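A.B. asks: So you can see what is in the structure, the chains are spelled out below.
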Amino acid sequence: MAGRTLYDKLFDSHVVHTESDGTALLYIDRHLVHEVTSPQAFEGLKLAGRKPWRKQSIVAMPDHNTPTTPGFTAILDPVSRAQVETLDANAKELGLTYYRIGDVRRGIVHVVGPEQGATLPGMTVVCGDSHTSTHGAFAALAFGIGTSEVEHVMATQCLPQKKSKSMLVRCDGRLATGVTAKDLVLAIIGVIGTAGGTGYALEFGGEAVRSLSMEGRMSMCNMAIEAGARAGMVAYDSVTENYVKGRPFSPNTPELWEAATNYWRTLISDVDAVFDRTVVIDASALIPQVTWGTSPEMVVSIEGRVPDPDKEKDATKREGIERALAYMGLTPNTLISEIKIDKVFIGSCTNSRIEDLRAAAAVVRGRRRADSVKLAMVVPGSGLVKAQAEQEGLDKIFVAAGFEWREPGCSMCLAMNDDRLEPGERCASTSNRNFEGRQGAGGRTHLVSPAMAAAAGLEGRFVDVRRLG
Amino acid sequence: MEKFVTHTGLVAPLDRANVDTDAIIPKQFLKSIKRTGYGPNCFDEWRYLDVGQPGMDNSQRPLNRNFVLNEQRFQGATILIARQNFGCGSSREHAPWALQQNGFRVVIAPSFGDIFYNNSLNNGLLVIRLQDIEVDRLFADCAVFPGFQLTVDLEAQLVRAVDGSFAFSFDVAPSRKERLINGWDDISLTLGRSDAIRAFEAKHLSAQPWLV
Ligand code: SF4
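In the order they appear, the protein sequences are chains A and B.
Per this note's numbering: the first sequence = residues 1 to 469.
Per this note's numbering: the second sequence = residues 1 to 212.
No lab work stands behind these hints: they were computed from the structure.
Treat the hints loosely; a few may be bogus.
[Unchecked claim] Listed next, the in silico EDC-like pairs over lysine to aspartate or glutamate satisfying Cα-Cα at most 20 Å (straight line):
#1 B:177 to B:201
#2 B:3 to B:136
#3 A:165 to A:355
#4 A:46 to B:185
#5 B:34 to A:88
#6 A:46 to A:88
#7 A:374 to A:425
#8 B:177 to B:15
#9 B:203 to A:303
#10 A:313 to B:15
#11 A:163 to A:355
#12 A:9 to B:201
#13 A:313 to B:186
#14 B:3 to B:132
#15 A:162 to B:163
#16 A:55 to B:201
#17 A:317 to B:2
#18 A:340 to A:303
#19 A:163 to B:153
#20 A:396 to A:407
#21 B:177 to A:12
#22 B:177 to A:21
#23 A:317 to B:15
#24 A:55 to B:195
#25 A:396 to A:355
#26 A:162 to B:185
#27 A:162 to B:171
#28 A:46 to B:186
#29 A:317 to B:136
#30 A:51 to B:15
#31 B:203 to A:12
#32 A:165 to A:255
#33 A:313 to B:136
#34 B:34 to A:85
#35 A:165 to B:171
#36 A:162 to B:186
[What the hints assert, rightly or not] So the derived label-pair ranges between C-beta atoms look like this:
#37 A:69 to B:64: 26 to 36 Å
#38 A:317 to B:49: 20 to 30 Å
#39 A:21 to B:55: 37 to 47 Å
#40 A:102 to B:75: 26 to 36 Å
Bear in mind that the values here come from a model prediction, so they are computed numbers and not experimental data.
All C-beta atoms in this analysis are idealised placements derived from N, C-alpha and C, irrespective of residue type, glycine included.
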């Protein structure tokens with residue numbers, strides 16, 4: 001019998017029941033909740049007279065709508081405020097674990113879950129948010145769900161799921177200095193396309209992934225959804241173990257820790273496991289990546305140029321390129337390094353962890369934001385990341401360089417709060433989506449790593465961070 | 001959930017690949033805590049010339065005459081055809097809500113974002129994957145025949161031209177199909193297995209006591 005993939009192990013160990021067509025009822029260990037996709041689910045639960053099946057499995061916090069203005073005390077937008085207050089009330093009424101505004105543990109749900117140890121290896125983790133794939137970095141099966149499914153999990157602790165196909169993305173070699181997990185995952189999406197992972201669960205492996213920190217692995221799994229895959233994951237190893245140890249939700253007695261780690265060490269794909277598809281990437285050859293269009297697959301290296309639609313033979317693709325160039329206000333064949341930017345956003349569940357902030361701070365230290373850059377903002381992923389960064393003096397480095405230091409939240413990743421691009425503004429952003437209007441109606445987003453975003457803020461255009469010296 | 005058995009309706013073409021859920025319903029409308037009221041803001045940034053905000057009187061806003069769904073001949077359409085990877089991106093269930101509340105009962109494309117696909121079926125919005133060349137045919141017919149209609153027969157798993165000139169078959173998981181045809185409530189079905197869930201849970205949590 002062939003060996004089993006990590007995905008097989010995680011999926012099979014949570015099957016409560018299988019229907020004749022193969023649809024499984026999957027048990028859910030952890031349910032993360034935020035304010036945008038939950039109100040209708042809480043309401044549905046209440047209308048049906050149901051209670052959460054296992055309320056200890058739920059960890060909730062507001063993140064999408066929350067202001068990032070230093071020292072804010074109230075949400076001025078009444079619609080956003082009502083949504084956050086609805087979550088406050090639901091969490092209180094049901095007695096959920098809840099990090100409200102003002103709690104230092106609050107932040108972006110995908111940063112806070114792992115930080116608190118609420119995400120553990122071997123778990124099934126869901127959240128009404130597509131970037132739930134982030135948590136797969138812990139050898140967990142984590143995927144985003146819709147509001148009906150949020151209600152379903154609350155009511156039953158289960159979800160009907162079809163098993164996906166499996167894809168191994170093997171990243172050979174090591175990343176060069178100045179090239180990050182973000183560059184790697186952008187390059188992968190460029191290769192397999194935004195629909196390439198549809199119907200698959202991705203496992204990121206190979207030497208380049210093994211040598212990444214948990215932060216880097218989270219950045220990669222975070223963007224599995226941008227390759228169309230609902231779940232991305234990385235096998236368990238000592239890096240995982242060291243990160244998880246001692247966190248509030250982690251096993252906290254020597255006996256439990258030993259039992260847990262004995263089990264967790266099995267959370268790897270067997271050497272003879274068979275994947276439905278394998279993609280091999282030479283990570284050692286990569287250089288920093290920049291997206292030029294309105295889909296994450298529209299990506300080239302910092303040494304590249306904006307593509308020429310005349311060279312594309314496929315009609316749908318050609319029209320897609322033309323539409324993207326028009327929206328982005330770019331001319332074919334322009335050098336990426338000639339593209340000027342108006343704003344910088346360093347943050348989001350992709351790149352707002354301490355390591356990301358350290359990387360950006362290392363670039364801006366002792367330098368100044370270009371005068372042509374109207375705003376450069378740094379938004380830590382959680383209150384604890386913010387506190388840690390301040391302890392290391394990173395906030396002072398950013399402020400001295402003319403970068404704003406903000407309160408945690410989703411912020412300009414999706415611009416539901418006041419942080420947004422104005423029509424036509426161009427942004428170097430460490431977030432995960434460059435869709436039309438994502439960062440504000442008419443706004444133009446280029447996805448890059450934290451170091452590349454910081455460098456763009458200093459130069460007012462994209463530059464190869466490795467050449468900054 | 002609304003039942004879905006068969007449906008015949010006017011077809012509207014959205015000839016774009018990678019239509020993401022941000023485009024289907026922009027984020028500012030996600031601040032609502034309700035399940036309804038999203039229809040007029042479906043494809044908001046393409047549909048109107050101004051920037052939409054919650055609470056606006058949408059009937060007073062300037063329409064983008066160049067947006068295909070605003071064309072007179074597609075008013076009242078209930079079947080949307082689109083290109084690959086429709087509904088990619090954010091998990092917002094507001095996307096199928098907006099499409100349904102805008103009058104659509106069926107979306108046909110070569111492929112869909114996984115989360116959107118599930119969300120749609122969970123709401124009785126039938127999402128159908130057809131081959132690329134079949135979708136090409138639908139776009140071509142839609143362009144040349146005014147008032148082009150299709151019949152979608154879930155029981156037979158067929159998309160048919162109303163004049164009988166072609167019929168394309170599609171896949172749907174049998175358990176999904178049964179739920180849709182009967183309009184069953186998914187949660188009640190799962191709760192019907194409460195004993196199995198409890199038994200699994202007891203075993204699972206005692207094997208991994210750190211999960212509690
Ligand atoms: S940071 Fe952006 S992608 Fe992440 S959860 Fe928030 S809005 Fe979604």
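A.B. asks: The structure should be examined with respect to each hint, and the outcome stated for every one.
C.D. replies: Verification of the hints:
Straight-line distance between C-alpha atoms of residue 177 (chain B) and residue 201 (chain B) comes to about 28 Å, which puts the hinted pair past the 20 Å bound. A C-alpha spacing of about 29 Å is found between residue 3 (chain B) and residue 136 (chain B), which places the hinted pair above 20 Å, so the restraint is violated. In summary, the hint linking residue 165 (chain A) to residue 355 (chain A) is not supported, as the alpha carbons are separated by about 32 Å, beyond the 20 Å threshold. This hinted pair checks out: residue 46 (chain A) and residue 185 (chain B) have alpha carbons roughly 15 Å apart, not beyond 20 Å.
Taking the CA atoms of residue 34 (chain B) and residue 88 (chain A), the gap is near 16 Å; set against the 20 Å cutoff, the hint holds. For the proposed pair residue 46 (chain A) and residue 88 (chain A), the alpha carbon gap of about 16 Å is at most 20 Å, so the pair holds. Simply put, residue 374 (chain A) and residue 425 (chain A) have alpha-carbon atoms about 10 Å apart, close enough for the 20 Å limit, and the pair holds. Straight-line distance between C-alpha atoms of residue 177 (chain B) and residue 15 (chain B) comes to about 28 Å, which puts the hinted pair past the 20 Å bound.
A hinted pair counts as satisfied when its Cα atoms are at most 20 Å apart, and residue 203 (chain B) with residue 303 (chain A) does not qualify at roughly 55 Å. Of the supplied pair hints, the one linking residue 313 (chain A) and residue 15 (chain B) holds, its CA atoms being roughly 17 Å apart against a limit of 20 Å. Note on residue 163 (chain A) and residue 355 (chain A): the hinted pairing is violated, with a Cα-Cα distance of about 34 Å set against a maximum of 20 Å. Simply put, residue 9 (chain A) and residue 201 (chain B) have alpha-carbon atoms about 17 Å apart, close enough for the 20 Å limit, and the pair holds.
Taking the CA atoms of residue 313 (chain A) and residue 186 (chain B), the gap is near 45 Å; set against the 20 Å cutoff, the hint is violated. Between residue 3 (chain B) and residue 132 (chain B) the alpha-carbon distance is near 28 Å, which puts this suggested pair outside the 20 Å criterion. Restraint check: the Cα-Cα separation between residue 162 (chain A) and residue 163 (chain B) comes to about 36 Å, which exceeds 20 Å; the hinted pair is violated. A threshold of 20 Å between alpha carbons decides the hint, and for residue 55 (chain A) with residue 201 (chain B) the separation of about 14 Å falls inside it, so the pair holds.
Proposed proximity of residue 317 (chain A) and residue 2 (chain B) is contradicted: the alpha carbons are some 36 Å apart, above 20 Å. Of the supplied pair hints, the one linking residue 340 (chain A) and residue 303 (chain A) holds, its CA atoms being roughly 15 Å apart against a limit of 20 Å. For a cut-off of 20 Å, the pair hint linking residue 163 (chain A) to residue 153 (chain B) is broken: about 26 Å separates their Cα positions. For the suggested pair residue 396 (chain A) and residue 407 (chain A), the alpha carbons sit about 15 Å apart, so the restraint of at most 20 Å is met.
At roughly 24 Å between alpha-carbon atoms, residue 177 (chain B) and residue 12 (chain A) are farther apart than 20 Å, so this suggested pair is violated. Using a Cα cut-off of 20 Å, the hinted pair residue 177 (chain B) and residue 21 (chain A) holds, with the two alpha carbons roughly 11 Å apart. Taking the CA atoms of residue 317 (chain A) and residue 15 (chain B), the gap is about 11 Å. The hint holds against a cut of 20 Å. At most 20 Å may separate the alpha-carbon atoms for a hinted pair to count; residue 55 (chain A) and residue 195 (chain B) meet this at roughly 18 Å.
A C-alpha spacing of about 16 Å is found between residue 396 (chain A) and residue 355 (chain A), which places the hinted pair at or below 20 Å, so the restraint holds. With a CA separation close to 18 Å, the supplied pair residue 162 (chain A) and residue 185 (chain B) stays within the 20 Å bound. Between the alpha carbons of residue 162 (chain A) and residue 171 (chain B) the distance comes to roughly 14 Å, so the proposed pair stays at or under 20 Å and holds. A hinted pair counts as satisfied when its Cα atoms are at most 20 Å apart, and residue 46 (chain A) with residue 186 (chain B) qualifies at roughly 16 Å.
Between the alpha carbons of residue 317 (chain A) and residue 136 (chain B) the distance comes to roughly 14 Å, so the proposed pair stays at or under 20 Å and holds. For the hint linking residue 51 (chain A) to residue 15 (chain B), the alpha-carbon distance of about 44 Å lies beyond 20 Å, and the restraint is violated. Taking the CA atoms of residue 203 (chain B) and residue 12 (chain A), the gap is near 14 Å; set against the 20 Å cutoff, the hint holds. Restraint check for residue 165 (chain A) and residue 255 (chain A): the C-alpha separation of about 36 Å exceeds 20 Å, so the hint is violated.
Under the criterion of a C-alpha separation no larger than 20 Å, the hint pairing residue 313 (chain A) with residue 136 (chain B) is consistent with the structure, at around 17 Å. Between the alpha carbons of residue 34 (chain B) and residue 85 (chain A) the distance comes to roughly 14 Å, so the proposed pair stays at or under 20 Å and holds. For the hint pairing residue 165 (chain A) with residue 171 (chain B), the CA-to-CA distance comes to about 17 Å; that is within 20 Å, so the pair holds. Of the supplied pair hints, the one linking residue 162 (chain A) and residue 186 (chain B) holds, its CA atoms being roughly 15 Å apart against a limit of 20 Å.
Hint check: residue 69 (chain A) to residue 64 (chain B), Cβ distance near 34 Å, so the stated range 26 to 36 Å holds. As the Cβ distance of residue 317 (chain A) to residue 49 (chain B) is approximately 28 Å, the hint placing it in 20 to 30 Å holds. In this structure, residue 21 (chain A) and residue 55 (chain B) meet the distance hint of 37 to 47 Å, their C-beta atoms being roughly 44 Å apart. One distance hint, 26 to 36 Å for the beta-carbon pair residue 102 (chain A) and residue 75 (chain B), is violated here, with the actual separation near 49 Å.
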